[in-house]
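Student: Start from the sequences, fold in the hints, and give me the full structure.
Residue numbers (the working numbering), protein chains in the order written: chain P, 1 to 337; chain W, 1 to 386.
Everything labelled a hint here was simulated from the structure, so no lab data went into it. Among the hints, erroneous ones may be present.
What the hints assert, rightly or not - Have a look at the derived ranges for each label pair, beta carbon to beta carbon:
| id | chain 1 | residue 1 | chain 2 | residue 2 | range |
| --- | --- | --- | --- | --- | --- |
| 1 | W | D341 | P | T43 | 34 to 44 Å |
| 2 | W | L349 | P | S106 | 11 to 21 Å |
| 3 | W | A80 | P | Q197 | 49 to 59 Å |
| 4 | P | A286 | W | A366 | 14 to 24 Å |
Stated by the list, open to error - When the alpha-carbon atoms are kept at most 20 Å apart in a straight line, the in silico DMTMM-like pairs for lysine to aspartate or glutamate are as follows:
| id | chain 1 | residue 1 | chain 2 | residue 2 |
| --- | --- | --- | --- | --- |
| 5 | P | K12 | P | D200 |
| 6 | W | K168 | P | E60 |
| 7 | W | K168 | P | D65 |
Unchecked claim - Partner residues aside, some chain P positions facing chain W, computed with beta carbon under 8 Å:
| id | residue |
| --- | --- |
| 8 | G75 |
| 9 | V78 |
| 10 | H107 |
| 11 | P120 |
C-beta atoms are modelled at their ideal positions from N, C-alpha and C, and glycine is treated no differently.
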Amino acid sequence: MTTVAEKATAAKPATMAQALGRALRDSMAADPAVHVMGEDVGTLGGVFRVTDGLAKEFGEDRCTDTPLAEAGILGAAVGMAMYGLRPVVEMQFDAFAYPAFEQLISHVARMRNRTRGAMPLPITVRVPYGGGIGGVEHHSDSSEAYYMATPGLTVVTPATVADAYGLLRQSIASDDPVVFLEPKRLYWAKDSWNPEQPVDVEPIGTAVVRRPGTSATLITYGPSLPVCLEAAEAARGEGWDLEVVDLRSLVPFDDATVAASVRRTGRAVVVHESGGFGGPGGEIAARVTERCFHHLQAPVLRVAGFDIPYPPPMLERHHLPGVDRVLDAVARLQWDQ
Amino acid sequence: MTVMEQRDTRRTGAPTPPPAWQPRTDPAPLLPDAEPYRVLGTDAAAQTDPELLRRLYAEVVRGRRYNAQATALTKQGRLAVYPSTTGQEAGEIAAALALEDRDWLFPSYRDTLAAVARGLDPVQALTLLRGDWHTGYDPHEHRIAPLCTPLATQLPHAVGLAHAARLKGDDVVALAMVGDGGTSEGDFHEALNFAAVWQAPVVFLVQNNGFAISVPLAKQTAAPSLAHKAVGYGMPGRLVDGNDAVAMHEVLTEAVTRAREGGGPTLIEAITYRMDAHTNADDATRYRTDAEVEAWRDHDPILLLERELTRRGLIDEAGIQAVRDDAETMAADLRAHMNQDPVLDPMDLFTDVYAEQTSQLREQAAQLRAELDAEAETPGAEGSPA
Ligand SMILES: Cc1ncc(C[n+]2csc(CCOP(=O)(O)OP(=O)(O)O)c2C)c(N)n1
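Tutor: Right, dumping it as structure tokens:
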């Protein structure tokens, strides 16, 4: 780990996509068992260029352009993991991971359990997810609730450049299968981060307070983190001092950090862009209520995408929860006034 | 030149193929034979090694007895369900015997017998069907993947494992088993395609036993045969008499050797018949006639072997009896073990979900622990020691 001072001097702007690529590279260099595979990950470097250069550096046996078949890709990864490899699978877009659900749910998630620990599957499934980039139909889904509902899967999603690197390295090193959700609209978000000397981040399963505050907690993750940070700045003018918690890991869920924050502030809003009904926010709100009921000054509110199929790009800004919707919810937290 | 004239030259000029077209593979060597390959009952049978004949016979008879015993255990409530392979023993045994120790078997839910013939403890092989645990053995120890219930989903696993082994420089082969119905699943297609593109050392064995539960093959596929499907992927397809243990052993061994030597995957279709219902829960009279079942009795795998052994004077009544006695001992042993109630620890529910228990699972485990303790303290409560 570098010190904060070193970090400041050495840091230069890097994008989340670059940090992810660097994490793949470093993982492959550190462990010959790590294999990257998927559609267009080789010569092209992936449609988002995250795997750029890996085939050249490590050869096509370790960074493999597979046939175009998601169940086949993930199913083959299962067999490779059975034989001691650590496959990192790229699903090209969120909605194109669905053909692989059967493999994910019936095998990847439960192989450790059905074999009583004899056959853990260290597979990382990278899924670019979410909207806000003007993608056409089937390119903007937020599918985290499906993954969260499947026991045996670890589900993580970075919101910062440092987390993109750190969480991906931890995911690949994990002996459990990890669904690694990459917020598409943050791929090109830049941050000061030193790719030559990446610092460790908090372990999977840990939420972090990105902005301390006293009057309410915004609980969020992935693409909605920047929205919440902006909302927190804007709310200062209204006399609100908002705390922002970045979950980072949806499974395992960090009840302790979230509950501690809400107990301090007494109010909470969960913010995400996937639909609200049956969505992650319902689960989170219930957990917070169970743990913090006597500290709550208002019901836990949710700000989510509408319960509609992801809209066409020209309308998506009406669907995605933005700063204003978050602020409206914060205003509703004045329950007793 | 006018446009009309240009069109005319195009029409009259010799047709040229589109620039990118070139045939990838000559399909002829990949095509299956018109008739299923057979050895028993033909002149070729005279060449079969007597030891192999005797071994196959003993194993197939044991297999038949195993099927009968497991079926009886369902009637006694010892097994929740048992998908019998009575009539299909030749394929099950050949699959097990074609493999070396270092190879891997990927069985479907029906292929308990192949796993047992490979050396898996018969009781461990039945935990899935008894209901005490999903997989009762360490797959790495026996190199047998868990018995797979979702159809065809284990086929891509076999491809991945074989591919990984080859990348590591090991000459390991994976043999994956599936039924005729399973060939309609997308995973069957994706597995074969991956295997051929990667030239992975995999052998796919389709046991075509006529039905997928109640649905006959004609409603499953319009292909000339399931073995013909191989050609579309660029691998050889073999059609074989699935009740002929010698033919099955030969074809499987050949495919395994080919895969081991870098020749890539093979698809084998074994023509066989499921003599019992799909499982004990199925009513086969709804979709097939007794006459159809009877027609297969004269083509029984045991009968085919017995005829050959007798014809060549390789076995007598005493020999046959010795094989039956051996099978009987195996069945008695299985019965004895299966009649013992398994000892289960409910707390095992929370182990092995993740490498490390999440805080959520720790809380739930504590809840169950408390429930169990309370049960134990309440006299006469369900689950408490009498
Ligand atoms: C994906 C999936 N769909 C449906 C089933 C339910 N099911 C179990 S066995 C079976 C028929 C399978 O037939 P076949 O592949 O011919 O194998 P057989 O049982 O004849 O050996 C079906 C439909 C299943 N196990 N998996």
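Student: Compare the structure with each hint and give your call.
Tutor: Structure-based check of each hint:
In this structure the supplied range 34 to 44 Å is violated for D341(W) paired with T43(P), their Cβ-Cβ distance being about 59 Å. For L349(W) paired with S106(P), a C-beta distance near 19 Å keeps the hint of 11 to 21 Å intact. Here the CB-CB span from A80(W) to Q197(P) is close to 57 Å, well matched to the stated 49 to 59 Å. As the Cβ distance of A286(P) to A366(W) is approximately 19 Å, the hint placing it in 14 to 24 Å holds.
The straight-line distance between the Cα atoms of K12(P) and D200(P) is roughly 17 Å, inside the 20 Å bound, and the hint therefore holds. A distance of roughly 14 Å separates the Cα atoms of K168(W) and E60(P); the hinted pair therefore holds under the 20 Å criterion. Note on K168(W) and D65(P): the hinted pairing holds, with a Cα-Cα distance of about 19 Å set against a maximum of 20 Å. Residue-level restraint check for G75(P) holds (minimum Cβ-Cβ distance to chain W is 3 Å; threshold 8 Å).
Taken as an interface hint, V78(P) checks out: its beta carbon lies about 5 Å from the nearest beta carbon of chain W, inside 8 Å. Satisfaction of the interface hint for H107(P) is found here, the shortest Cβ-Cβ separation to chain W being roughly 6 Å, below the 8 Å cut-off. The interface hint given for P120(P) holds, since its Cβ lies 7 Å from the closest Cβ of chain W, which is under the 8 Å cut-off.
In the structure shown, a violation is registered for the earlier hint numbered 1 alone.
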